[in-house]
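> One-letter residues, chain by chain:
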Amino acid sequence: MSRRLSWGLGLLLIAGLVLGAFFVLPFRSWLPGGTVADVPNRLVVNGTALNRLFPAPEAGETLVFTQEKRGFSQARLKQGDAVRALLSISDVTTSPASRTKFGSSGSALAGWPLVEQGDQSSALLVADRFQVKVIGQGAGLSLDERHELLGAFNLQALAALNPASAQKALSQAQVKAPSLGGQSPEARPSLPAISPAEQPSDNRLAALQAARAAAHRQTAVLTPAA
Amino acid sequence: MSTTVLERLERLPHRNLTVLALRGISTLVPGTWTNITSAEAMIHEVLGSTDPELTRQVRDRADELSRARHEGYARALSLYDAVNRSQKAAGGLRVLANVAGALPLVKRLTLFTPANETLQAADLSLKVAAEMLAFTQVNGLPGDSFGDFGASLTEYTSEARVRMAALVCFDAFLPLGDQALQRLDGLLGRVASHELRQLPAYVGMAPLIPGRGDQAHLSFLRRSVDQWVGWADGFASQLGLTGQRTVRALETTIGPWHGGFEQLAIFLDAFTDTYAHTGVQAVARRLVERAAAEI
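Each protein sequence line maps, in turn, to chains A and B.
Under this note's numbering, residues 355 to 580 are what the first sequence spells out, in order.
Under this note's numbering, residues 35 to 329 are what the second sequence spells out, in order.
Bound conformation, chain A alone (with noise of 0.2 angstroms):
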């Protein structure tokens, strides 16, 4: 055998055995991104939009975010060191087993479903989208006083949140939809929140839902938007 053979031959199992070794060692656990239900990160909306959707907290109460993920941003109410509550914001996208609850709710506060679990825990879903929960903690909470805080969210900049996804929905509705005026989805960061301050006017709230629609139409179906 020749040498260059040789040593082509010992540098293709060395390469062979590095490429192996990565491929099936467990490194690929210790790699970033992605989310729980591997469904892609730009579908997700990412934790830091959710944050500023919390209920401000009340006089002697203490609002502390405790976990902040994709799709997922949680805090806790606490009243001196008592922690009264768990509040959380989740995108039901990575958790889809969690939207089947509400298909049998009764009840709607701000005209979303609203679904109890268990004894201290109260869930709402938000645009088909956002599952909004409050859980007693320590002492509890009283149904009444679950249902204030829940409504104490910004329900509204949450229902008008658009992941990525909906924006190319958006901009084929912005086309059926000239309401929208000069309201240009691209030009906007990747997820537009609405700020409190500029709650949606009425038509540019049709248009979302319209919007919100052919993104489910999309997603749901697999056929493109009309």
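Worth double-checking, as some hints may not be accurate.
Unchecked claim - Facing chain B, from chain A, some residues (calculated, C-beta under 8 angstroms): (1) Ser356; (2) Ser360; (3) Leu417; (4) Thr420; (5) Gln421; (6) Lys423; (7) Ser444; (8) Pro450; (9) Thr454; (10) Gly472; (11) Asp473; (12) Lys487; (13) Ile489.
What the hints assert, rightly or not - Derived DEER-like restraints, expressed as beta-carbon distance ranges: (14) Ala250/B - Asp482/A: 42 to 48 angstroms; (15) Gln510/A - Ser112/B: 39 to 45 angstroms; (16) Thr61/B - Asp435/A: 43 to 49 angstroms; (17) Glu41/B - Leu371/A: 29 to 35 angstroms; (18) Arg406/A - Leu51/B: 46 to 52 angstroms; (19) Gln297/B - Thr402/A: 47 to 53 angstroms.
In case anyone wonders, no lab produced these hints; they're calculated from the structure.
C-beta atoms are modelled at their ideal positions from N, C-alpha and C, and glycine is treated no differently.
Keeping the supplied structure of chain A fixed, place chain B upon it in accordance with the hints.
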């Protein structure tokens, strides 16, 4: 990756030296610490309900979350494990050195063991940095936000308070004396990069520490310790933590101790897993809180 966080929680010991040491230290910290080793009990506590169907849903979601690679819960545990392994290895070596020091033929072994204060300080700083990295993994705040870490340390709940007390007492006051926190920065200033590399935990953690090269890592460690010392100092003086009180608290559960503080620190390093034990409990709680919110 195969065992989930909640399975790890259920495998924690109910009663051993680690639990006794933690129970001892918890007498110094108001707010009772309970050794929760049941996933169900934790879910019931967070959810405020014992509904079996809800419990099952939370459990399933928590397992799914801890298996998801980038969610960080499992990664935080591997950080704690790395630190714990290193602590045990170093502790075991020093126990050996203590024994060997008394035997004439193998006396020279003591020369090879990392027993000096500088390394102890570096070890403590690694634990603090691991705490910070694990915190960001679990709670998802961006890379090296020192301010958030300081603010959230004060928000740590029952397990974490005992956890911090154990860190302050076992890794600072016992081995370094009551002025440990004031001396820490000076001690860290003397750590050379080759000494840092002697610590097994550092080798495991290095890829996760922001910055490139040992010097950058060292400055990260000093910055995170800086942030932590400010808080730990207030915490220790508020609870009146000292080496003497630590020993007395431990004696209530473990039994009388006649050796020095330093020996007790080595003993605890070698034979207890307080850091990983409370770490699993703290991560499991955050995980259950998230799962309960997402079902």
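> Where does the structure disagree with the numbered hints, that is, which hint numbers, in rising order?
The structure conflicts with hints 1, 2, 3, 8, 9 and 16, although it agrees with all the remaining ones.
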